[in-house]
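Participant: All chains, please: the whole structure from these sequences, using the hints.
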Amino acid sequence: MADRGTIGTTVILLILGWASAIMLAPTTPASASELVIYSGRKESAIKPVVDLFERKTGAKAVLKIGKTSGLANEILQERRRPRADIFIATEAGVCEFLAREGALDPYAPPRARPIPPEYKSSKGFWTGISGRARVILYNTGLVKNEEVPGSVLDLADPKWNGKIAIARTLERTTLSWLGAVVHVLGEAKAKAYIDGLLRNGLKVLPDNSDVWRGVGSGEFALGLTNSPNYHLALKAGLPVGVVYPDQGPSGMGSLVNPNAVAIVKGARHLVLARRFVDFILSQEAQAILVRHAFEIPLVSGMDAGEVRPLSSFKSLKLSQERLADLEERTIRLFPGF
Amino acid sequence: MRSGTAKGNTEHAASGETFVFRRPTIGVLTPVAALGAAFIILLTASPLLNLFVAALATGSRGLSSLLSGSVPTLLAKTLLLATLATLWALLLGVPPAWILTRTDLPGRRLFRVLGLLPLAIPPYIGALTYITLLGPVGPVNKAYQAMGGSGQLVNIYGLWGGVLVLGLFTYPYILLLAGSALESSNPAMEEAARAAGHGPMGIFVRVTLPLLRPSLLAGSLLVFLYALSDFAAVSFLRVTTFTTEIYHQLNTRFDQRGAAALSAVLVLLTLLVLVAQRKNLGRRSFVQRRSGAKPPTVYPLGRWKVPALICTYLVLGGSVFLPIALLLYQAGSAATIFQTLASGHRYLWNSLWTAAVAATVATVLALFVAYLIDRRKGPVGLLLTAATQLGYAIPGTVLGLSLILLYNTYVPWIYGTAAMVVLGYLLRYLPQAVQGSAAALSQVDPNLEEAARGLGRSSWQALREVTIPLIRPGMVAGWMLVFISSIKELAATLLLRPAGFDTLPVRIWIATIEVDFAVAASTSLILIATTALPLFLIKRLDSGISQLD
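Going line by line, the protein sequences match chains A and X.
Counting from 1, one number per residue, gives the positions in the first sequence under the numbering used here.
Counting from 338, one number per residue, gives the positions in the second sequence under the numbering used here.
Everything labelled a hint here was simulated from the structure, so no lab data went into it.
Please note that a few of the clues may not be correct.
Claimed, not checked - DSSO-like cross-link-like pairs, simulated, lysine-lysine; straight-line CA separation at most 27 Å:
hint: 1; chain 1: A; residue 1: K189; chain 2: A; residue 2: K67
hint: 2; chain 1: X; residue 1: K616; chain 2: A; residue 2: K203
hint: 3; chain 1: X; residue 1: K479; chain 2: A; residue 2: K235
hint: 4; chain 1: A; residue 1: K60; chain 2: A; residue 2: K42
hint: 5; chain 1: A; residue 1: K203; chain 2: X; residue 2: K479
hint: 6; chain 1: A; residue 1: K144; chain 2: X; residue 2: K479
Facilitator: Below you can see the structure in the form of structure tokens.
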């Protein structure tokens with residue numbers, strides 16, 4: 001019997017060996033004094049900001065880049081023992097959702113005062129750090145500038161049959177846009193409008209990069225997507241143009257989705273987290289964040305560079321709270337997305 | 338000479354006293370072994386339990402949403418995709434497995450290693466390759482339109498694109514397991530068939546194929562379950578499956594319970610597939626005795642040499658050369674690759690050690706599990722099978738979230754370290770190691786161990802000196818499968834890695850969202866090369882050891 005025990009013992013020893021090997025392995029877990037930042041924003045945009053913050057304050061910060069929705073799910077799962085201090089989201093609706101779930105800590109940074117109310121939480125749960133407008137992207141080889149419809153409501157025209165692309169609601173900016181359509185038109189008219197688009201062969205793609213690449217490559221003539229994607233397509237050398245829709249006197253304006261920063265409830269480094277939120281709204285951090293990623297500045301006095309500033313077009317005034325209220329209905333209304 | 342015996346139920350009942358781990362008494366499980374089994378079950382079943390608890394918590398609302406709406410259709414679609422992908426992978430994997438082990442095809446050793454390389458290429462990269470080539474504005478459709486064709490010659494998006502890509506990048510599961518079985522099978526049985534007047538085809542159908550069945554089933558199962566759980570490739574190819582729907586629930590609604598309920602359906606589906614596999618194996622299973630002294634028969638190809646070569650090159654071309662050529666083109670220059678390597682060597686190291694640790698632990702655990710399952714029918718074996726196999730079908734993101742909740746709550750000192758990443762790999766891919774070891778073990782006659790024990794060896798010595806050498810190809814195959822799957826894992830890693838700990842696939846993902854194709858392609862090439870290196874080393878080491886024997 002002893003030798004049979006040997007097999008088992010070996011297994012146990014191996015398991016223990018494994019466990020201890022992992023414990024001792026050279027990993028880089030966040031130490032007690034490091035600010036932990038979960039960021040849905042791209043590394044190239046946020047890393048320089050974090051580096052600058054470290055240099056300015058002498059504090060240490062570690063960064064976890066992921067998908068905004070994935071990180072939000074993670075924050076929800078970690079609620080009993082929060083790991084993140086800061087959450088940076090590419091879409092404010094996610095922050096509004098987390099706030100309603102009680103996963104965020106309110107903080108109203110002084111620098112956020114000039115930011116329009118649509119782009120920050122009224123209770124201070126999150127603050128917009130930059131914006132992206134909902135635009136119509138077009139392929140200049142397939143469509144002339146004057147042919148591009150000036151309103152999203154004209155996209156059901158048969159001449160665009162099968163030529164328009166949009167991302168699924170897996171991209172939450174699409175979900176906000178649908179919510180905005182419901183808000184502006186009312187449920188019945190919104191349903192009729194979107195069904196009209198779908199009947200007209202609107203192609204629903206997995207994500208926004210499929211949309212701008214598809215329009216850039218000529219697979220589609222038009223795409224409903226976010227303003228930075230126009231600049232990304234240009235940078236990639238693709239033949240694209242952009243229209244900010246519904247700008248007329250009676251038009252609804254273009255929806256602007258804010259990127260947002262929030263403090264996680266139960267953050268272990270609350271003071272440092274607040275300093276970081278203050279810092280990300282400073283001119284020097286904003287300059288990096290906005291210019292690098294073709295985002296629209298939300299704080300006043302920022303040079304927008306090649307991007308159209310907030311003041312240069314008509315935006316839809318719609319709060320994230322209202323959008324969050326509409327969310328479940330919107331999802332139910334458009335099962336095809 | 339009895340070279341094969343049918344392992345029937347009568348034998349089980351009659352021989353209970355003589356076989357290791359096969360006694361009908363519970364005493365077979367020494368306390369330590371029982372503890373080991375309990376540990377493995379706890380390790381692997383806890384996220385499953387967590388999942389089912391969450392799924393049940395959805396209550397009637399969740400259930401009604403499951404039964405109504407698009408779920409049944411979606412399930413049918415997903416099953417169709419997985420079935421077609423498995424058939425396609427069998428078609429791609431079985432002929433090369435035979436040609437490369439049993440014929441005198443020139444360069445077959447190299448081909449056998451190259452044939453495994455598609456596993457090193459993450460299917461999402463394969464998907465992007467075929468979208469670039471066969472997409473609506475890809476060179477193939479452009480050329481077709483230039484020649485006067487209207488519309489598209491091929492449409493890569495949708496079900497058939499998904500089948501094409503999933504099959505192309507998973508057939509090595511079948512090649513690897515079937516190849517190992519062909520290599521370690523007893524040539525005497527084929528010789529007997531030849532003596533009885535059968536030609537090569539007749540021998541293949543009547544002798545080789547039945548012997549291959551456990552490995553083919555195991556390989557098909559890996560492909561089928563992979564197809565069920567894949568997200569990235571099918572999502573790029575615009576196929577809607579169960580898994581894409583789960584992501585939809587998680588990402589737009591943050592409905593973790595809804596996602597859990599949908600995942601539970603996948604788990605139950607896996608359970609059905611596994612039960613079917615066990616039934617199928619139990620009904621007619623063969624064991625064979627092999628001394629290891631005699632290599633398998635090699636058939637001269639003769640005039641079939643050129644067709645066999647063309648066939649091999651076609652399969653390799655579509656699954657290895659084409660994607661790598663495209664990546665090289667996108668990377669631009671060798672300088673980009675070296676720069677990426679220089680600035681990102683720690684990601685390489687992170688990937689290497691986490692995957693190697695996961696593969697090693699999985700192999701050891703799998704041997705233990707496979708041994709218990711094979712030699713001891715009963716509730717413990719069944720429980721172990723279920724616990725170690727079912728996790729494979731859970732999409733990486735769902736498994737990741739489940740592990741976060743469990744470990745952050747109950748063992749917070751593990752959570753937040755890289756051990757979580759290893760754990761994620763282990764739970765996702767342990768089934769591959771178990772399948773590898775179990776398929777190999779089912780080919781070994783327990784009488785051999787009994788004979789060794791009869792000659793005065795202890796059980797441990799019998800295992801070490803008789804069984805392990807015989808199933809070593811299967812164990813090595815299992816190690817490689819887990820290593821390769823782990824090193825390219827993305828979904829769970831994204832969630833489970835501690836802040837500041839990135840692996841190569843994470844860097845590929847980050848470069849992709851940065852629209853930095855050169856870095857994405859360079860990192861992909863580094864990942865593929867990193868995976869290929871152990872493949873070559875192990876193949877060489879293994880053949881070296883075989884020759885020493």
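Participant: Taking the hints in turn, state whether each one holds.
Facilitator: Okay, the hints, checked on the actual structure:
1. At roughly 33 Å between alpha-carbon atoms, K189(A) and K67(A) are farther apart than 27 Å, so this suggested pair is violated.
2. For the suggested pair K616(X) and K203(A), the alpha carbons sit about 45 Å apart, so the restraint of at most 27 Å is broken.
3. The straight-line distance between the Cα atoms of K479(X) and K235(A) is roughly 24 Å, inside the 27 Å bound, and the hint therefore holds.
4. Among the hinted pairs, K60(A) with K42(A) is consistent with the structure: their alpha-carbon atoms are about 20 Å apart, no more than 27 Å.
5. Using a Cα cut-off of 27 Å, the hinted pair K203(A) and K479(X) holds, with the two alpha carbons roughly 21 Å apart.
6. Under the criterion of a C-alpha separation no larger than 27 Å, the hint pairing K144(A) with K479(X) is consistent with the structure, at around 23 Å.
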